[in-house]
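Engineer: Chains as they are written, first to last, in UniProt numbering: chain W, 1 to 261; chain E, 1 to 261; chain Y, 1 to 261; chain H, 1 to 261.
Be a bit skeptical, because a hint or two may be false.
[What the hints assert, rightly or not] Straight-line alpha carbon distances no greater than 30 Å define the calculated DSS-like cross-link-like pairs of lysine-lysine that follow:
| no. | chain 1 | residue 1 | chain 2 | residue 2 |
| --- | --- | --- | --- | --- |
| 1 | H | K18 | Y | K240 |
| 2 | Y | K16 | Y | K38 |
| 3 | Y | K18 | Y | K38 |
| 4 | E | K16 | E | K81 |
| 5 | H | K38 | H | K16 |
| 6 | W | K81 | E | K16 |
| 7 | W | K240 | H | K240 |
| 8 | W | K60 | W | K38 |
| 9 | H | K60 | H | K16 |
| 10 | W | K60 | W | K81 |
| 11 | Y | K60 | Y | K81 |
| 12 | E | K240 | Y | K240 |
| 13 | H | K240 | Y | K18 |
| 14 | W | K81 | W | K16 |
| 15 | E | K38 | E | K60 |
| 16 | Y | K81 | Y | K16 |
| 17 | H | K81 | Y | K81 |
| 18 | E | K18 | W | K240 |
| 19 | Y | K60 | Y | K16 |
| 20 | E | K240 | W | K18 |
| 21 | H | K81 | H | K60 |
| 22 | H | K81 | H | K16 |
| 23 | W | K16 | W | K38 |
| 24 | E | K16 | E | K60 |
[Claimed, not checked] Taking CB as the label site, the calculated pair distances span:
| no. | chain 1 | residue 1 | chain 2 | residue 2 | range |
| --- | --- | --- | --- | --- | --- |
| 25 | H | V19 | E | A258 | 47 to 53 Å |
| 26 | H | P237 | E | E22 | 36 to 42 Å |
| 27 | Y | D232 | E | E53 | 58 to 64 Å |
| 28 | H | E257 | W | R248 | 48 to 54 Å |
| 29 | Y | G76 | H | D144 | 49 to 55 Å |
| 30 | W | D239 | E | T57 | 45 to 51 Å |
[Unchecked claim] Which residues of chain H face chain W? A partial, calculated answer using Cβ under 10 Å:
| no. | residue |
| --- | --- |
| 31 | M1 |
| 32 | K38 |
| 33 | S39 |
| 34 | N117 |
| 35 | W130 |
| 36 | S133 |
| 37 | E156 |
| 38 | F178 |
Rather than coming from a laboratory, the hints here were simulated on the basis of the structure.
Glycine is no exception: its CB is placed at the ideal position from the N, C-alpha and C atoms.
Protein chains: 4
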Amino acid sequence: MSIRVTVWGENVHEQKNKVVAEVYPLTMHGTIAASLNKSEGITASTVTLQDVEHGLTAEKLAATDVLIWWGHAAHGDVDDKVVERVCEAVWGGMGIIFLHSAHFAKPFKRLMGAPCNLSWREAGERERLWVTSRQHPIAAGLPDHFELEYEEMYGEPFGVPEPLETVFISWFAGGEVFRSGLTYKRGAGNIFYFRPGHETYPTYHDGNVQRVISNAVRWAYNPNVRIANPGDAPNTPVDKALEPITERGPRLHHDGEAGYR
Amino acid sequence: MSIRVTVWGENVHEQKNKVVAEVYPLTMHGTIAASLNKSEGITASTVTLQDVEHGLTAEKLAATDVLIWWGHAAHGDVDDKVVERVCEAVWGGMGIIFLHSAHFAKPFKRLMGAPCNLSWREAGERERLWVTSRQHPIAAGLPDHFELEYEEMYGEPFGVPEPLETVFISWFAGGEVFRSGLTYKRGAGNIFYFRPGHETYPTYHDGNVQRVISNAVRWAYNPNVRIANPGDAPNTPVDKALEPITERGPRLHHDGEAGYR
Amino acid sequence: MSIRVTVWGENVHEQKNKVVAEVYPLTMHGTIAASLNKSEGITASTVTLQDVEHGLTAEKLAATDVLIWWGHAAHGDVDDKVVERVCEAVWGGMGIIFLHSAHFAKPFKRLMGAPCNLSWREAGERERLWVTSRQHPIAAGLPDHFELEYEEMYGEPFGVPEPLETVFISWFAGGEVFRSGLTYKRGAGNIFYFRPGHETYPTYHDGNVQRVISNAVRWAYNPNVRIANPGDAPNTPVDKALEPITERGPRLHHDGEAGYR
Amino acid sequence: MSIRVTVWGENVHEQKNKVVAEVYPLTMHGTIAASLNKSEGITASTVTLQDVEHGLTAEKLAATDVLIWWGHAAHGDVDDKVVERVCEAVWGGMGIIFLHSAHFAKPFKRLMGAPCNLSWREAGERERLWVTSRQHPIAAGLPDHFELEYEEMYGEPFGVPEPLETVFISWFAGGEVFRSGLTYKRGAGNIFYFRPGHETYPTYHDGNVQRVISNAVRWAYNPNVRIANPGDAPNTPVDKALEPITERGPRLHHDGEAGYR
Numbered sequence: 001m002s003i004r005v006t007v008w009g010e011n012v013h014e015q016k017n018k019v020v021a022e023v024y025p026l027t028m029h030g031t032i033a034a035s036l037n038k039s040e041g042i043t044a045s046t047v048t049l050q051d052v053e054h055g056l057t058a059e060k061l062a063a064t065d066v067l068i069w070w071g072h073a074a075h076g077d078v079d080d081k082v083v084e085r086v087c088e089a090v091w092g093g094m095g096i097i098f099l100h101s102a103h104f105a106k107p108f109k110r111l112m113g114a115p116c117n118l119s120w121r122e123a124g125e126r127e128r129l130w131v132t133s134r135q136h137p138i139a140a141g142l143p144d145h146f147e148l149e150y151e152e153m154y155g156e157p158f159g160v161p162e163p164l165e166t167v168f169i170s171w172f173a174g175g176e177v178f179r180s181g182l183t184y185k186r187g188a189g190n191i192f193y194f195r196p197g198h199e200t201y202p203t204y205h206d207g208n209v210q211r212v213i214s215n216a217v218r219w220a221y222n223p224n225v226r227i228a229n230p231g232d233a234p235n236t237p238v239d240k241a242l243e244p245i246t247e248r249g250p251r252l253h254h255d256g257e258a259g260y261r
Numbered sequence: 001m002s003i004r005v006t007v008w009g010e011n012v013h014e015q016k017n018k019v020v021a022e023v024y025p026l027t028m029h030g031t032i033a034a035s036l037n038k039s040e041g042i043t044a045s046t047v048t049l050q051d052v053e054h055g056l057t058a059e060k061l062a063a064t065d066v067l068i069w070w071g072h073a074a075h076g077d078v079d080d081k082v083v084e085r086v087c088e089a090v091w092g093g094m095g096i097i098f099l100h101s102a103h104f105a106k107p108f109k110r111l112m113g114a115p116c117n118l119s120w121r122e123a124g125e126r127e128r129l130w131v132t133s134r135q136h137p138i139a140a141g142l143p144d145h146f147e148l149e150y151e152e153m154y155g156e157p158f159g160v161p162e163p164l165e166t167v168f169i170s171w172f173a174g175g176e177v178f179r180s181g182l183t184y185k186r187g188a189g190n191i192f193y194f195r196p197g198h199e200t201y202p203t204y205h206d207g208n209v210q211r212v213i214s215n216a217v218r219w220a221y222n223p224n225v226r227i228a229n230p231g232d233a234p235n236t237p238v239d240k241a242l243e244p245i246t247e248r249g250p251r252l253h254h255d256g257e258a259g260y261r
Numbered sequence: 001m002s003i004r005v006t007v008w009g010e011n012v013h014e015q016k017n018k019v020v021a022e023v024y025p026l027t028m029h030g031t032i033a034a035s036l037n038k039s040e041g042i043t044a045s046t047v048t049l050q051d052v053e054h055g056l057t058a059e060k061l062a063a064t065d066v067l068i069w070w071g072h073a074a075h076g077d078v079d080d081k082v083v084e085r086v087c088e089a090v091w092g093g094m095g096i097i098f099l100h101s102a103h104f105a106k107p108f109k110r111l112m113g114a115p116c117n118l119s120w121r122e123a124g125e126r127e128r129l130w131v132t133s134r135q136h137p138i139a140a141g142l143p144d145h146f147e148l149e150y151e152e153m154y155g156e157p158f159g160v161p162e163p164l165e166t167v168f169i170s171w172f173a174g175g176e177v178f179r180s181g182l183t184y185k186r187g188a189g190n191i192f193y194f195r196p197g198h199e200t201y202p203t204y205h206d207g208n209v210q211r212v213i214s215n216a217v218r219w220a221y222n223p224n225v226r227i228a229n230p231g232d233a234p235n236t237p238v239d240k241a242l243e244p245i246t247e248r249g250p251r252l253h254h255d256g257e258a259g260y261r
Numbered sequence: 001m002s003i004r005v006t007v008w009g010e011n012v013h014e015q016k017n018k019v020v021a022e023v024y025p026l027t028m029h030g031t032i033a034a035s036l037n038k039s040e041g042i043t044a045s046t047v048t049l050q051d052v053e054h055g056l057t058a059e060k061l062a063a064t065d066v067l068i069w070w071g072h073a074a075h076g077d078v079d080d081k082v083v084e085r086v087c088e089a090v091w092g093g094m095g096i097i098f099l100h101s102a103h104f105a106k107p108f109k110r111l112m113g114a115p116c117n118l119s120w121r122e123a124g125e126r127e128r129l130w131v132t133s134r135q136h137p138i139a140a141g142l143p144d145h146f147e148l149e150y151e152e153m154y155g156e157p158f159g160v161p162e163p164l165e166t167v168f169i170s171w172f173a174g175g176e177v178f179r180s181g182l183t184y185k186r187g188a189g190n191i192f193y194f195r196p197g198h199e200t201y202p203t204y205h206d207g208n209v210q211r212v213i214s215n216a217v218r219w220a221y222n223p224n225v226r227i228a229n230p231g232d233a234p235n236t237p238v239d240k241a242l243e244p245i246t247e248r249g250p251r252l253h254h255d256g257e258a259g260y261r
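Kindly generate the complete structure, drawing on both the sequences and the hints.
Structural biologist: Have a look at this one:
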């Protein structure tokens, strides 16, 4: 059994910007999926913003173990209904990996509940990523640091919640630092944010970056059956209580009532 | 200088339900505010769902150090614009305390990014809260446990993110447990969730509960100046970089561009 | 390739106490190992306090992927040198699982850096464990709660550091609660504390308990090569710096010096 | 009422090394204490390694709200009994701040339960500290980053447990990063690690560094009464259980027994 990965690509700059098209002739999502398909035990497909329902129908999400999200220029074009559907899938147990400028993607902001702010500079400067959580599964097989010669800078403060674990921190030639690899869990779903990947640089052709992404897929994968309605708030009636209790005091709710939302 | 607290009350069951009106002749929010106003260094006022903009205008939020939120029957009636305004204020540094059924309030779900699910039973059963983080400021002056003779049960799993700290865990007579006091930080804002407070029981007249709430106000209070636009993502141009760097490689953005959102 | 588990048993009450010997004719560690050996992909052996170096020689630890620790009556008899060796192995990447009264075992206290206090009562009362982190790998295949009809009570406050994740919380018939399943990472080593397992009750014969332990073994297992000297603090000389820098200012250390410890 | 701070200084290099004596004519601990004594509401005194019991008698610790620790060359000379006494005080509620090379001080290693490893280089290079937790009380009044022109480098991986909050991350000219400000709680005691402060550089004369330390003192201060024996594990007898239960099954312990340690 393979881990089924869906790579979601915004697919805007690949079509409009010559430089991006040249760096990523297979598109960015296509490049990421092609690399994942060389990893044993992973089967990756792609969908894009332009697909019907952005390619993220209920059926597609049900058949996705881990979703990877890259977006930048068109965050606002993503349908709020699809965002809710993606979040529901995550809460039910689907893994999700957000790349680079997806820090401002709607599902990331929705899952973080935070401003997700940062500072930035597009100058093709050197980024060096340091592993901060030794032998973390997402860092398996990596050296203790690696470099990307050309990258966009993202700087702290990064307005995200304190993570479960900080896996990478980046050094930038211009003087900034950034928490570049962060893990979270929301509902039953594992979430990983990974910083590198500006579209004008060949970041997703880099072997270390590809390894981080395939490691993260394995880390985020939850083999359990998806929880159907993760937000359900079931009533446990008095006569089904695990310990014998007697109902006391005034009541607001009626028997069998669903509760307020 | 006093800490300025605003208690937001849904104010529905106090008006419609005889039992609630009798238990809380001052309303629930009024009871909480009256108790806080007896605490040195705290000045509390109230607003309700029925007020213009639910009482949470930009001016009111700017004059609020800590917001307390109680809602249950009318979560869906809260205007999404007000929810965003409240979250922006939290990210900028306003403290916020969510009580009981506010686990499904829009701003709580928005700040948690999680399903916030739980199980529940309205049977007037005994709840016993245990302090799990010794001498946490929110537990100051409390015994190592205290009881509420009549409460609604909330049971695990509670679908919230792993907290910064678990301050209280509840035991219920019917056999369930619940993480009853949880701390978070989102942006610059401190967040506390506190479980007790079903509207048909006299929970907010209880001295220990009142102490938790006044402690939590002091804990959540951030004396710094509010951050005006916490989601801003400023560009740091190459010629203002802290270390001298030279621009390299292709560019996507133009000088002075604001970046995508 | 199997995960190599070593179950460390104190092996005192099995020898001295008739009740314990009857409940665990194979000893406690023997029972735990026998159960693990029925799990696919796990090979378990046992060692005891009475073995030379308590069975935890450098060779044995090098051949152990995950160590399980049960102790109670003889914590003080464990040699401090063995404790340091175990902690070094954990820091280098060996997984470790502490069971029940091992909350006061020397290696647990050493790895937690905390008092590890709790309250307790031996009354054969009902314990009910609730899963608090939905679909956590350690809870895979379990219902949302399960019961142990006869257990010793452990009560909060439990004096351990805030965990990475709280996986289980226990309810006790006598009115207490306890965080019963907690995850940590120290150095490269994954750590799990699991509460149940008083020696006079048949806890380790319980199917749910056995499943938690085998799940925890898989969760704690780190397939990377063990880090040889996890406490090393290497000097990076100026001429090997990743970015060109010039030495400036006064110096305390000499070239090639090891640094202070 | 003032917060009573004790600054513990190793006081070795100030006596032996000319450069250090010139940079810190008042000694390092003396300089830190003098700066703190200019902060409203803080009263600081100093003790040193050379004092009887290193100046950390039971009486002195009882009169200390927050202890600050700087050591480097003589970690091994600190008496293990004093280390245990310090840890007990922390677990009971005393705040503690570890500075720079105290990452290898005995009480820090004891409280972390981790290898506390890092990489290092003494080259007088530029360090830039970025605030990563916006408006954290320890960063109050600071800009979003500040620089120390001459500092020793410490590089990741830093072998400490995942903190409650990461407050600062450092950028170094030579290409490394380091988590420079980390918060922890152990027992009832608040702990802060702060990286800067190599003895040959004037770091503790820097206004921003002084502000971090005085902020950290206020953050770490716990106004509650110190817990006398934080490691106590009290027995709760059956007849004093909070809920009526009946003793069942076999017993190991006798009435009134203290339990094993």
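Engineer: Enumerate the violated hints, using their earlier numbering and listing them in ascending order.
Structural biologist: Of the numbered hints given earlier, those the structure breaks are 6, 28, 31, 32 and 33, listed in rising order.
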